[in-house]
Amino acid sequence: MTTLRIDNLNVTFSTEAGPLHALKNVSFDVPENRIVGIVGESGCGKSTLINAILGLLADNGSVDGGSILFEGQDELTTLPPSRMRDLRGPRIATVFQDPMGALNPVISVGKQMLNIQYRSPLSKEEKLNRAVEMLELVRIPDARAALVRYPHQFSGGMKQRIAIAMALMMEPALLIADEPTTALDATLEVTTIELLKDLQQKIGCSVMFISHHLGVIAELCDDVVVMYAGEVVERGTVRQIFQDPRHPYTARLLECDPARQSERTRNLPTIPGEIPDLRARPTGCIFANRCDRVSDACSAPPPDKDIGGGHIARCFVADTPAETGVTA
Amino acid sequence: MLSYFIKRLGLAAAIVSVAMFLLFCMIYLIPGDPASVALGPRATEEMRAALREKMGLNQPVLVQFWNFYIGAWTGDLGDEVLSGRPVTTVVLEQLPYTLALIVGGITWSVALGIPLGCWAAVSRGSWADRVVGILSVAVIAVPSFVIAIYALLIFAVELRWLPAIGAGEPGNLGDQLTHLILPSLAVGLGWVGYIARMVRASMLEVLEASHIRTARAFGLPDRTITYRYALSIAILPTVTLLGVGIGQMLSSAVFAEIVFARPGVGKLVYDAILTRNFPIVTGTVLITTVLFVLLNLLADLIIGALDPRVRSSF
Chain A
0 MTTLRIDNLN VTFSTEAGPL HALKNVSFDV PENRIVGIVG ESGCGKSTLI NAILGLLADN
60 GSVDGGSILF EGQDELTTLP PSRMRDLRGP RIATVFQDPM GALNPVISVG KQMLNIQYRS
120 PLSKEEKLNR AVEMLELVRI PDARAALVRY PHQFSGGMKQ RIAIAMALMM EPALLIADEP
180 TTALDATLEV TTIELLKDLQ QKIGCSVMFI SHHLGVIAEL CDDVVVMYAG EVVERGTVRQ
240 IFQDPRHPYT ARLLECDPAR QSERTRNLPT IPGEIPDLRA RPTGCIFANR CDRVSDACSA
300 PPPDKDIGGG HIARCFVADT PAETGVTA
Chain B
0 MLSYFIKRLG LAAAIVSVAM FLLFCMIYLI PGDPASVALG PRATEEMRAA LREKMGLNQP
60 VLVQFWNFYI GAWTGDLGDE VLSGRPVTTV VLEQLPYTLA LIVGGITWSV ALGIPLGCWA
120 AVSRGSWADR VVGILSVAVI AVPSFVIAIY ALLIFAVELR WLPAIGAGEP GNLGDQLTHL
180 ILPSLAVGLG WVGYIARMVR ASMLEVLEAS HIRTARAFGL PDRTITYRYA LSIAILPTVT
240 LLGVGIGQML SSAVFAEIVF ARPGVGKLVY DAILTRNFPI VTGTVLITTV LFVLLNLLAD
300 LIIGALDPRV RSSF
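Order-wise, the sequence lines are chains A and B.
Counting in numbering that gives the first Met the number 0, the first sequence runs from 0 upward without gaps.
Counting in numbering that gives the first Met the number 0, the second sequence runs from 0 upward without gaps.
Rather than coming from a laboratory, the hints here were simulated on the basis of the structure.
A couple of the hints might just be wrong.
Over the 10 angstroms line for every Cβ pair with chain B, so calculated as not near, a few chain A residues [as the list claims (entries may be wrong)]:
# : residue
1 : M0
2 : D85
3 : D97
4 : L102
5 : C290
Selected chain A positions facing chain B (Cβ under 7 angstroms, derived; list incomplete) [claimed, not checked]:
#  : residue
6  : G54
7  : L55
8  : G100
9  : N103
10 : V105
11 : I115
12 : R143
Quick reminder that beta carbons are idealized off the backbone N, C-alpha and C, glycines included.
Construct all of the structure, not just a fragment, from the sequences and the given hints.
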């Protein structure tokens, strides 16, 4: 079964300078028990995607077209707010990017972990035991004593682990992790990733892992969705995307990963140009203005080409493998 | 915690000392001889000289200040000019009435201001938000003595719902409370506006915070998020504001006590100024300064109790 199926999703924000098309025809699946990585540079619509799934879009944003089907039965785009609230937490749990600010500063950790179990029929003592159990699972030392402490008394890495413990305590069907390791230093990042993978297998949930760190995605995920300017330009398994990128953007993105540089260089490769203004999207390919394989055909909307085995790229030339660019 | 408290008490003592110095300078520089005032126009020069001697007005300025300073710390603020009673006793007799008025004013402003501010923040941009915004500015703009007079005219004179003057029968708590309603409203109404605006602004800020997004992502009910997760943080600047605001409420209390003919330090200091009863003026100002400094300390301690981050820095 597919935990989350997003089909042709469109999200628009109304701004003073006219409508901003933040997500355009976004489609991908999060299959059961798999970790799907969403990758893309800042402003590519990753956060909008999460908010659309959680029903937490800002007041000026709206879903206009497409569907988000959860566990094959709940259409999240039309679900009434009260039903949506029942899904948030117990069925779809989220870990956000900013570990410093993700926990309420004036409520103790134990109280916060107790509060989010408000739907549970367990007694207060049982709920607290569960909280301790989860904190131990994410390796918070002296978990019982941690309950009466406040967020500012923990380090950033510990706070992020507490946030993960809170999310997984709900035993969700889908865990959304929004750049959970971006604010952490490299060593903490590795342990947090390992912990996340470990717990995912223990609890058996699907994970939507948002990151701009390609190494982390390759390490952790089963499938990858590459986003650019609010569109899914390519999706497939980790192997397909990393070994055989078909969209020029994916190919360039992989080239830009410093970890992939085989020799020492002073100049890290970059993708020249900028993301186009989303208030005035080009009718053709969104990446055309930065693409090195651009042709006249690109002024028409590119098709989602199926390369086979679930590997799909939104590009006219996706049939031929992208040139592995010259490494500077 | 204890060291923080001691540090803050030391600071409070320093503030009070500076206030004493300024107060002494002010009184010293005001033209007019307290001895002549006390004795009236028919007193002889010898009588005036004798009284000056008794009040220590002939001594060098620094000695006068030193005597005043040491006396004040030991609770001796001199004797009143007219009746000769100790100033400390006179002021402390009146203080409970003013304290009740201030506490009443704070109660009004908190009880109305916080819910209104919350409501405005939660329904941002709606008609409710706009009405609260306009009313807040209106009550801030209208001076408290105007509110006092109209409250008196409407509720006491026209509608006769509430008593007009006095502080109520001593010992009869219910009567004293009904006498407190209108004057404390006059003192606190402007602060309803301040607090509503303050709470609205800080609520809007807190509601944007990422921990609120986390709370929403866990599906917590809106009520829990607004009151337990957001308001508990948004309330903190309001407590500080109230601590400072007590100073302004003390001056509003002067008007309220005059309009409603209530006893209290405001009325006391007003009468003392008219009769040039300087020891009373000095004593009242000093005691209210101490009160103000202590209430601010209390506000800081309340913030410590509400915010664990502040508490751990104590």
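Status of the hints after comparison with the structure:
1. The Cβ of M0/A sits about 22 angstroms from the closest Cβ of chain B, beyond the 10 angstroms cut-off, so the non-interface label holds.
2. Here D85/A does not stay apart from chain B, with its beta-carbon only about 6 angstroms from theirs, under the 10 angstroms limit.
3. With a least beta-carbon separation of about 5 angstroms from chain B, D97/A fails to lie farther than 10 angstroms from that chain, contradicting its non-interface assignment.
4. Not every Cβ of chain B is farther than 10 angstroms from the Cβ of L102/A; the closest lies at roughly 6 angstroms, contradicting the non-interface assignment.
5. Listed as outside the interface, C290/A is consistent with that label: its C-beta sits roughly 35 angstroms from the nearest C-beta of chain B, beyond the 10 angstroms cut-off.
6. A least Cβ separation of about 9 angstroms between G54/A and chain B goes past the 7 angstroms threshold, and the interface hint is therefore violated.
7. Nearest Cβ of chain B to the Cβ of L55/A: about 6 angstroms, under the 7 angstroms cut. The hint holds.
8. The beta carbon of G100/A comes within 4 angstroms of a beta carbon in chain B, closer than 7 angstroms, and the hint placing it at the interface holds.
9. Taking 7 angstroms as the C-beta contact cut-off toward chain B, the hint placing N103/A at the interface holds, the least distance being around 5 angstroms.
10. For V105/A, the interface hint holds, since its Cβ comes within 7 angstroms of a Cβ in chain B; the closest pair sits about 5 angstroms apart.
11. Of the supplied interface hints, the one on I115/A holds, with its beta-carbon coming within about 4 angstroms of a beta-carbon of chain B, less than 7 angstroms.
12. Violation of the interface hint for R143/A is found here, the shortest Cβ-Cβ separation to chain B being roughly 18 angstroms, above the 7 angstroms cut-off.
In terms of the numbered hints stated before, the structure departs from hints 2, 3, 4, 6 and 12, listed from lowest to highest.
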